[in-house]
Amino acid sequence: MSSFEDLDLQAQMLLSYEVEQFLYAEARLLDTRQLDAWLDLLTDDIHYWMPIRRTTTAREVDREFTQPGAMAFFDDDKRTLTMRVDRLGHGRAWAEDPPSRTRRLVTNVEVLAVDGNDIHATCNFQLYRTRLNSEEDCWVGRREDTLRRVDGELKLARRHIFLEQTVILAQNMSNLF
Amino acid sequence: MSSFEDLDLQAQMLLSYEVEQFLYAEARLLDTRQLDAWLDLLTDDIHYWMPIRRTTTAREVDREFTQPGAMAFFDDDKRTLTMRVDRLGHGRAWAEDPPSRTRRLVTNVEVLAVDGNDIHATCNFQLYRTRLNSEEDCWVGRREDTLRRVDGELKLARRHIFLEQTVILAQNMSNLF
Amino acid sequence: MSSFEDLDLQAQMLLSYEVEQFLYAEARLLDTRQLDAWLDLLTDDIHYWMPIRRTTTAREVDREFTQPGAMAFFDDDKRTLTMRVDRLGHGRAWAEDPPSRTRRLVTNVEVLAVDGNDIHATCNFQLYRTRLNSEEDCWVGRREDTLRRVDGELKLARRHIFLEQTVILAQNMSNLF
Amino acid sequence: MNLAQHSARWYNPDTGTLDRRIFTDADIYRQELSHIFGRAWNFVCHESQIPARGDFFMSYIGAEEVIVVRHRDGSIHVLLNSCPHRGNTVCRAELGSTRSFFCSYHGWNFDLDGTLIGMPNEVDFYRGEFDKSAWGLGSAAQVASYRGFVFATMDSAAPPLDEYLGWVGRLGIDMLAGKGDLEVVDGIHKNRLQCNWKLAVDNLFDWYHVKVSHGTSMRLGLLPEETISADAQMVILGAYGHGIGGPGLKPGQLEALGRRKDGDTSTDAEWFDMQAAWRTQPGVREQLGETGVRSLGHPSIFPNLWVALTNQVCLRIPRGPLETELWWFTFMPTHLTPEQRRTAIWSANHYFGPAGFLEQDDGENWSHSTRGAGGQFTGARPLNFAMGLGQDYVGEDGGQHSIETVVNEHGQRWTYQNWQEWMLAANWPELMATGSPPPDGLV
Amino acid sequence: MNLAQHSARWYNPDTGTLDRRIFTDADIYRQELSHIFGRAWNFVCHESQIPARGDFFMSYIGAEEVIVVRHRDGSIHVLLNSCPHRGNTVCRAELGSTRSFFCSYHGWNFDLDGTLIGMPNEVDFYRGEFDKSAWGLGSAAQVASYRGFVFATMDSAAPPLDEYLGWVGRLGIDMLAGKGDLEVVDGIHKNRLQCNWKLAVDNLFDWYHVKVSHGTSMRLGLLPEETISADAQMVILGAYGHGIGGPGLKPGQLEALGRRKDGDTSTDAEWFDMQAAWRTQPGVREQLGETGVRSLGHPSIFPNLWVALTNQVCLRIPRGPLETELWWFTFMPTHLTPEQRRTAIWSANHYFGPAGFLEQDDGENWSHSTRGAGGQFTGARPLNFAMGLGQDYVGEDGGQHSIETVVNEHGQRWTYQNWQEWMLAANWPELMATGSPPPDGLV
Amino acid sequence: MNLAQHSARWYNPDTGTLDRRIFTDADIYRQELSHIFGRAWNFVCHESQIPARGDFFMSYIGAEEVIVVRHRDGSIHVLLNSCPHRGNTVCRAELGSTRSFFCSYHGWNFDLDGTLIGMPNEVDFYRGEFDKSAWGLGSAAQVASYRGFVFATMDSAAPPLDEYLGWVGRLGIDMLAGKGDLEVVDGIHKNRLQCNWKLAVDNLFDWYHVKVSHGTSMRLGLLPEETISADAQMVILGAYGHGIGGPGLKPGQLEALGRRKDGDTSTDAEWFDMQAAWRTQPGVREQLGETGVRSLGHPSIFPNLWVALTNQVCLRIPRGPLETELWWFTFMPTHLTPEQRRTAIWSANHYFGPAGFLEQDDGENWSHSTRGAGGQFTGARPLNFAMGLGQDYVGEDGGQHSIETVVNEHGQRWTYQNWQEWMLAANWPELMATGSPPPDGLV
Ligand code: FES
Ligand code: FES
Ligand code: FES
Ligand SMILES: [Fe+3]
Ligand SMILES: [Fe+3]
Ligand SMILES: [Fe+3]
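Residue numbers (the numbering used here), protein chains in the order written: chain S, 39 to 215; chain E, 39 to 215; chain F, 39 to 215; chain P, 525 to 967; chain X, 525 to 967; chain C, 525 to 967.
Bound conformation, chain S alone (with noise of 0.2 Å):
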């Protein structure tokens, strides 16, 4: 499926640099919490996920995270995503009054195939948050996403994330990844 690897470098790396400029303006929209502005990135048939991993030995490894369609943490279509953002825009979510402070490091993007319209990259992150007097939570992890080209705009259709944590050490995960 990929022509990913087809490409020269030359081409490669622009790819990068828009897939990468994409996530990073796109992080910026949720840190500073312009959220509709975020909602019209996605694609219409996203899907948002984050399973639930759990401890194992090296034996039973592929036990490590639920598959889809068992629980998650996130298994959200888009009109679950627009609930979570209309949720922040309501005056009384609690968890998010006052609102947090986050941060999104994303780092190692890279683009992994090319399928068509589809592009899958992969990255690295760290989401930093605090709440009222400098509390702190911190989760870090990876995330498969898909950009679908549309119109010449670069979407996001697909958000797969696969934090380190098993326990969430967290109170809430009041914010988006």
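For the record, the hints were derived by calculation from the structure and aren't laboratory data.
Take the hints with a grain of salt, since some may be wrong.
[What the hints assert, rightly or not] Derived Cβ-Cβ restraints for the label pairs, each shown as a range:
(1) E954/X to G127/S: 36 to 44 Å
(2) E749/X to A576/C: 35 to 43 Å
(3) W870/P to H128/F: 36 to 44 Å
(4) E191/F to R97/S: 44 to 52 Å
(5) D921/C to A681/P: 54 to 62 Å
(6) E174/S to E863/P: 39 to 47 Å
(7) Q72/E to R187/F: 26 to 34 Å
(8) E920/P to R97/S: 51 to 59 Å
(9) E646/P to E191/F: 50 to 58 Å
Since the structure is predicted, the reported quantities are computational estimates derived from the model, not experimental observations.
All C-beta atoms, glycine included, are put in the ideal place defined by N, C-alpha and C.
Position chains E, F, P, X and C with the ligands against the provided structure of chain S, taking the given hints into account.
Just chains E, F, P, X and C with the ligands, lined up with the frame of chain S:
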């Protein structure tokens, strides 16, 4: 004012690369304690500023940061920054003797606009520091930097730093951001 | 020795891109526990070294790191690294069974010099790890890597790792950097 | 100890007020571990989580990890996860399948029931004189299941599980188990809150907070206002601190709902159907009883299990006085259609857990309440649990007792009163002798 | 308690030595919260921070958050931030403006003076029988201002603020308030040090550390050497532990400074002018008194407020024995020219706070001193506060008393002696009966 | 105190069982600091680490930092790192060279032996009346070296170092020092484990765990199976808790090894040669003694020093009951060839330390054992140290005593028995009077 969006992707990429490499090299100077060389990267009219952040309700979130002219953690011109650097060269800067160990992770570099010789960029960062027996401090935030092309070389003409903390958790901020 | 600065910006950018993508892919192999594939990226004469760091006065800061030949946390050739990888494949590497979950944020990638087939690069990193019930460890530092172009492919020929910690805060360093 | 003197030490049943120090004091917390979690029947998992021989699941009793494992004979054992040699853990995975528990320090090997079955060099180093039967893994004093829900107690003096649960505890489980054969859905939401575990427990009876705390969820249509049934609340109190509180149907309303099913597509009807339709199935009314069949409330199995309406149970694991770990287990009746199952899992994933629409806001409130309890000045001021105190009556329907009233704090008061009795009793016999029977008459 | 037996329990006034355990012991810390912060008048904010009705500012008394809020009638109230229902905080912002405090858990609503004014469904759920007047937010026992500086005490037995401050405390505030009408500058530097709060307090009297600790700042010209006035120090000691210590002008020197103003551009003159020029204005000498007008020292308002020379006050908020939060409030006289204001704000921003030139080095010393106090071996060795002990005399000028001498540790000794008296007194009446009057004669 | 009543308070020598609370209890930990680390001779560094005048090395006694420094007269001093003025540390580097210790707070200056030699403005501020001789840095009560290994004790009642070590402690050090003139290799591996320090100490006697814990290292050829010598173990027990345990050569085997050297290239021979060849050198047998020369075991110098076979010693520094810092010091005989030195350093770098092949797995086991000790239920269950109890005899060879047997837990039992005696003794005289002599006969 921005002519950045008018550039084609290739030109944007080249400029982004230049900016990113400047910021990496600059961070390296700070991490390796080459403070005089760092000072040389600044324009004479630099404004180096970190406002104070406060927890407010969502309704009053416009009061989150102090404004220019009010109190700030840093509100420095070149003379003040030179004093900071001189201080560290002196034998009695106790907070920095033994010297701190610092590491600056600079990520999400984006060129936002180009205005003549001025390039307005933003990035996210994590500044990690240890002192003595691995006592850790960590600051995460966003910067808005203005780079200016002077005689073909990039210089730092403005740096506004926005931390995610309200009360500063570290005992001091004896380092530069 | 460096011919990097002689390259034009476009060529520098292309090489930086190649290096950065190599380092991202390499980190991905480690994060996904593909250790044999990782070994294949190393030249046979690799030197993989992490000296011990000490807190000294500013005056004696040249004694901060141990020197080659003295004690070190890692001072490995390919045979030793192969042993480390073999160890993890064995059923009784208790510190890694259940396997750790790791995430490597590689940032600030800079090509410092090119010397024939050797590319000298530096980067900053954060290696985040959790074990069992989300018990966290985190290492932040700088690497000096030498990549060598062998039969058109990049290989890792030297890795020097400089952590910001003196006493290591984690219970072990059962992972690779 | 003169119980009379102490019976209002922390909770005053006359005024419905509570000393906040019970949420932050380290000594009280340690006493909870011994007097409550060390004695109670604690939910540890559901049988469907460990269907095969050798399957295990790492759970908790109080603040301590225990291994729940299915033995080769099909029996379930609850083992302490600490080797009696040097104390090393013998199992470090959350779940899995194994043939034995092998200690990674010196290789002592334990059977699935905890028996020490192997020691490297037993004959030559221990000279063949070691009494292996005396040095197995510690285990629960009693293990038993009710309808697939596995409970364990560390106290051999505890009454049998059935007696412990009583009709209220059993009813609480029936309200989930009665929906059909249950099977776990893979994946447990786990996260940590900076709150005392009791504040999370008391909240399950709390139908007062819904409109305020969960205002956003109501607005989004996740919690139709009608479903709170503010005027038709039913509280059922059981021995040892169990209880069920929340919306109740009026006698005869269930049948009406059954009929209303066709054509009526209001969210009201939808929600009641989801929660109540199965109750019109044959045999359910007989099983739940005339009162039970009408309760759509939240069962609490003392001390720390909540049977939620989302086909889930939530365990509140204490981690010190100021921290609680929440675990959400999800169980689906096997007869659901794929579409029903998908919808039900969507709810389970999106109501609770750290990213759940409802729970995000709850956690913040509970941790702030815990902080307030620890304040120098605020900690000295009592909390008020007086809603409905002395204003309602326990009624009876089909031999079962309940309070039918408006939104109230009867369940919370019952929880803290029983908590106090457990804390003051020296042991099970004393608790059985001194514990309050569920109230009758005016409450 | 026989005070005589205990009066040197930690601090020995005869030798000027101090038991280091007072910096690390958890029980002593808890006693400080109750015996000192629970009784004292605590500075909470300046009136200009909450100018309008409904404006609030989140402050601390001891280690506990309190809301300082301006009521609709203009009065200022100091409220505990914890709802009496379950204990949730009712305000989570640091500052802002509001019409009431609405609890996010169940929606109880409190007026700006803490009165409970709204409960959802009060009539139907509480059946209209709830006594709202008994369940408002807790509040300070007394609130009062002195020249715009708002203080509060949790103890109704505390003497009035004016009496508490005495002439020394009032003088301390006058030394800032006398500069003109003050207005807060937006933004408070807040950061956390790993030190005991008392080490930060004792440091404000410490003119001995300046040349060493702040050597870099002196070299950079931020602290001209002359300004330390090592040979012309003045210490003023007040009841209950207040004090002022630092450079003092000789009688007659103030007039000289006034004259020296023209033409003399030495940093010496510049600095004295900045600190002293306003004192030559009409009425100031009358207000400050003959001694006060000559003091350029650091006022300490017991227990934890420092009035600094940079138009700032610094609050040292205890967060356990080993941690202190420093808050720097900045106030500018409204009459300053923009340029004067800019310069003054530059100083406020660059001397103190976590990135301030001076404070960077202080913090490191205080935390290491705290560590040393906790050591197994070092903790058992007393500290030495003997500089000037028994070597100076309290003098009098214009009815005010002060010690005029070289750099010394009189202020520190006075602080720890009073601290000890507060700690040993059972309550306000006992403290008033047993507390040392400010010394006279040889000190 | 009636010792008889308490002599099995935690450790029962009759059954070889141990109360796990000694690994987690905070009060027991504090008592360890005073009764054990506050009294013992503690290893602080090797003379070659501070060869020149003014060289210093920051070490620990118990949980407290001490400065080990070479004075101008060549003597070594062990100083407390806390200024007696306010308590600030006077040295913040781990190692270095200095002319004095200058306090960064007010500039008091201390000579290399801790004497207070300078105070800024001593004459004018302290009026020349300060007794500097009374206010130096605290220092160890006694400092002494054995073959370059520097020890210090805080207790002046401790017996001289030589007597403290006894022949077993001295032999332990001889087993490293006898290899030649030692010189430190720059760099100490330091890292933190979440375990109680005693679990790390007891492990050095533990030849039972090697095959399981270090299975990977054995498979990689780092630990040839033969080297465990499971059937030829030798345990030497010394006064005050010292001991040596591990492989032992049979009488006569040493000579055989010497001969076997040529031609035989098996790993077995290689390993024994590395460990044993130097013992065939002239004079070594005389020095080590007939028993000592045959021991290839691990010496433990009570309380917390392990002399390892890799030319290293490991210090286990307590940091609270639940945390231990491991420090690995490496010393090479000066006569090694560059190649031998390289090989030896390779081993030192790759066996132990946080990235070492062996230690990675040890740490995990010890922390889990510590956790198990703190469990509500597991903590109440004793640990088993019974391997070989009552089954071996103390023998004698050349006037030295040892137990020659299979893998066993004699060394661990000796460690905990002595630990208990130190903990119960009120002071050195009592410890000397009541401490067990090394056993004879059946053990
Ligand atoms: S600790 Fe389990 S076998 Fe030794
Ligand atoms: S906790 Fe405030 S209204 Fe219930
Ligand atoms: S604390 Fe050392 S000189 Fe004052
Ligand atoms: Fe809720
Ligand atoms: Fe200072
Ligand atoms: Fe080992």
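> So does E920/P sit 51 to 59 Å from R97/S, Cβ to Cβ?
Replying inline: holds, 56 Å
>> Assuming the hint says 35 to 43 Å, is it satisfied by the Cβ distance from E749/X to A576/C or not?
In response: Holds, since E749/X and A576/C (Cβ atoms, about 37 Å apart) stay within the stated range.
>> Against the range 36 to 44 Å, how does the distance between the Cβ atoms of E954/X and G127/S compare: consistent or not?
In response: violated, 57 Å
>> Just to be sure I understand the hint, the distance between the Cβ atoms of D921/C and A681/P should be within 54 to 62 Å; is that true here?
In response: holds, 57 Å
> Do the Cβ positions of E174/S and E863/P conform to the proposed distance bound of 39 to 47 Å?
Replying inline: holds, 42 Å
>> Quick check: does the Cβ-Cβ distance between E646/P and E191/F fall within 50 to 58 Å?
In response: holds, 54 Å
> Between Q72/E and R187/F, is the Cβ distance one that fits in 26 to 34 Å?
Replying inline: Because 30 Å falls inside the window, the suggested range holds.
>> Taking 44 to 52 Å as the stated bounds, is the beta-carbon spacing between E191/F and R97/S within them?
In response: violated, 33 Å
> Can the suggested window of 36 to 44 Å be confirmed for the beta-carbon pair W870/P and H128/F?
Replying inline: holds, 43 Å
Checked against the numbered hints listed earlier, the structure breaks hints 1 and 4; every other hint is satisfied.
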